[in-house]
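Engineer: The chain contents come next:
2 protein chains.
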Amino acid sequence: MSENQNPVIETFAADWRTFETTHRIRTYKVLSDSLETTWDDERISNYHFLWLRDNCPCSQCVHPRTREQLFEVLDAPANLSAQRISLDKEGKLIVGWSDGHNSQYEAGWLRSHAYDPASRSERAERLRSVEPWGSELVIPSFDYSEVVSSDSVLLDWLLAARDVGLTMLTGVPSANEAVETAAKRISFMRETNFGSIFEVKTKAETTDSNAYTSLELPAHTDMSTRELQPGLQFLHCLINDAAGGESTFVDGFAIAAALQAEAPEDFRVLCEHPIDFWNKAPQSDYRSHAPIIGLDARGELSEIRLTNWLRAPINLPSSEMGAFYRAYQHFSALTRDSRFLVSHRLEAGQMWCFDNRRIMHGRKAFDPTSGQRFLRGGYMDRDELLSRIRVLERSHVRSTPMAAS
Amino acid sequence: MSENQNPVIETFAADWRTFETTHRIRTYKVLSDSLETTWDDERISNYHFLWLRDNCPCSQCVHPRTREQLFEVLDAPANLSAQRISLDKEGKLIVGWSDGHNSQYEAGWLRSHAYDPASRSERAERLRSVEPWGSELVIPSFDYSEVVSSDSVLLDWLLAARDVGLTMLTGVPSANEAVETAAKRISFMRETNFGSIFEVKTKAETTDSNAYTSLELPAHTDMSTRELQPGLQFLHCLINDAAGGESTFVDGFAIAAALQAEAPEDFRVLCEHPIDFWNKAPQSDYRSHAPIIGLDARGELSEIRLTNWLRAPINLPSSEMGAFYRAYQHFSALTRDSRFLVSHRLEAGQMWCFDNRRIMHGRKAFDPTSGQRFLRGGYMDRDELLSRIRVLERSHVRSTPMAAS
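From first to last, the protein sequence lines stand for chains D and L.
One point on numbering: in the working numbering, the residue at position 54 of the first sequence is 54, and numbering is uninterrupted.
One point on numbering: in the working numbering, the residue at position 255 of the second sequence is 255, and numbering is uninterrupted.
Pulled out of the complex, with its shape left as it was, chain D reads as follows (with noise of 0.2 Å):
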């Protein structure tokens, strides 16, 4: 048997999930480059021969502890063909190419991952999963014991961080390892140059930053001057004796909706004008440059980015800067609108946890000599909630059958 003639191995090993069949082939097609694929529900799929070849899930083409690829497609002859093709009793795709490797497809596997208009559309639909609010929320809020103790209600509280982005704890211990303990329930955090842990209390003389002051703070995204602006941002408050202060949030995904209904020339100058922003301080100098309203590569979007004591000098042409300042004003107006509005005094035992690139946050001022005010806040990245709910749903929601997404 040659290097490339593989005995066609039982176990498909290319991925961690399993794959139910809910369809079967029933009928294919080889084309000159593909093979045509047609299910019993008249779906019709196409396989580019390489595609397939790509994903040949055998042992010597995906390493069976990692489950990562070692075969590299560029090793592929140019001209593979796909050359003995049959379906098995289960369904199972099985292929003999043309240099004598050999391959099979379970079909639950090639259902999901087909790329025909349908099965890409159904995957682009299961990931929309934002539901936009205004005044009217009701804010998610989660016993922080439950949290910790059970797998479903930490899952129903990430699920809300995620699709309504604002969430809060409650019951949460006045101690200090509060934050971390919620967190460590999802992943690692997000070191900052404020720390892994940051604290706010009114510093009189910092030149750290706005936020350590006692002055109203306007509605803002945390850490813009950064390349990725942290995705969940947790604040815990262990003392709240100080009058005023009051938390208040917007959905900035709502806002953005709502300016590319209203004008939607000004929601594009926000989209395609990238703007810069600086931290200022003495001991860093952080600089990002890019657009107010982030779309991702759907076209969806993906994240809201403002803070408006940390812009730089905008710079953009002449001819465009009239345009930039009145979307600006447009946008700003909104982030004011008691419409979008939702407030709240964070007392004692009480964490939000909240989408730090969507949901825009801000502080009314308190007097410091009212009272004392302690909280503790950190990040996590967007990315560490995502796969922390995937394994979770992996585990404890396998209702429906799992699909790529």
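If you are wondering where the hints come from, they were derived from the structure by calculation, not from laboratory data.
What you are looking at is a predicted structure, and each value in this text was computed from that prediction instead of being measured.
Careful: at least some of the hints might be erroneous.
According to the in silico footprint, chain L covers these stretches of chain D (three or more CB under 8 Å from chain L) [unchecked claim]:
| hint | segment |
| --- | --- |
| 1 | 59-72 |
| 2 | 102-116 |
| 3 | 180-190 |
| 4 | 291-302 |
| 5 | 320-332 |
Where a beta carbon is used, it is the ideal one built from N, C-alpha and C, also for glycine.
Based on the hints, put chain L in the right spot on chain D.
Structural biologist: Relative to the frame of chain D, chain L by itself:
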């Protein structure tokens, strides 16, 4: 004096940098919504009224300690205009606004932040620092103890990491904390699901990653499954007594440029078609969606994202699949091309530090039965590197006037 009628204050407070007066404004002209200045070298710069008002550095508009803005440009009157304009003896521009507010701007600051075409292109040029390389590269090397003790050697090392992208430290003690000590000269490190520090030893039963086997690893970037791939990778060799295991490097930006020259259509495909990367592990499920060749908002090469064994099945319309595989195979072939390849067997006492988003690294297979092999590694984001360079340049390399960039 009304709320808006601030005294004209002396101290320029909106930045921690200073701006020398290299040019003076000779004349100015008031237009309908902007001021047009002519500098003593005939450069003409236009300053929109809202832009000027937005950048007022007085102590009402900018917090004098944090140097962060307090004023919000949304609060400027819609019909704001400059009414009283003058230049003082030092060349400062003094503006009295229609609402009674007064602002003054240093000539050096105005010139540094001007947004006429010449000023914009000067600044864009100053940001271009990438030095592409091929197999002829002499790897920039720095002595570990000098990096630890001297800020100017530190700066040289960091500029090489930024511009060349691949550097080596020599004379590194075989102590566990050497990576952390070197990294702390820059900033904090970036934690991942592999911890703050990862150890590369052969693990017989690994399910985590092909990196923990003794297999050859083709050229790749690390953490391609994350929304933001780590910018810098540190890799310290404490023991290398095993046969084989040479480190290999190619400059992904040089390869992307070669691809663009040889086959613009392949380059376009890899820039414009985001693909998916999934890690495959029992305890995590990270997924990213991004193109293999990433361009920044300026259209400049920003990153390469490619780990062959972490690519998810390609999810593109059928009509694009052939073009994608053609481009992918072309790019992959260039990563194996000897004209780009630099190879070096890392010995005990040496440490790599390279730009993980530009330099693709690999490893030859090694024989785990022939001797021990022990590397410690970690990551840091580009933000921390660039911030540290800027702060060092503020205090150490001030031979030329500081300009905004």
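Engineer: How about the segment 102-116 of chain D: do at least three of its residues have a C-beta closer than 8 Å to a C-beta of chain L?
Structural biologist: holds (count 3)
Engineer: Examine the segment 320-332 of chain D for residues whose CB is less than 8 Å from any CB of chain L, and state whether their number is three or more.
Structural biologist: Three-residue rule met by the segment 320-332 of chain D, so holds; n is 6.
Engineer: When I compare C-beta atoms, does the segment 59-72 of chain D have three or more residues closer than 8 Å to chain L?
Structural biologist: holds (count 8)
Engineer: Are three or more residues of the segment 291-302 of chain D within 8 Å, CB to CB, of chain L?
Structural biologist: With 4 residues closer than 8 Å to chain L, the segment 291-302 of chain D meets the three-residue bar; holds.
Engineer: In terms of beta carbon proximity below 8 Å, does the segment 180-190 of chain D have 3 or more residues touching chain L?
Structural biologist: With 4 residues in contact (Cβ-Cβ under 8 Å with chain L), the coverage given for the segment 180-190 of chain D holds.
Checked against the numbered hints above, the structure violates none of them.
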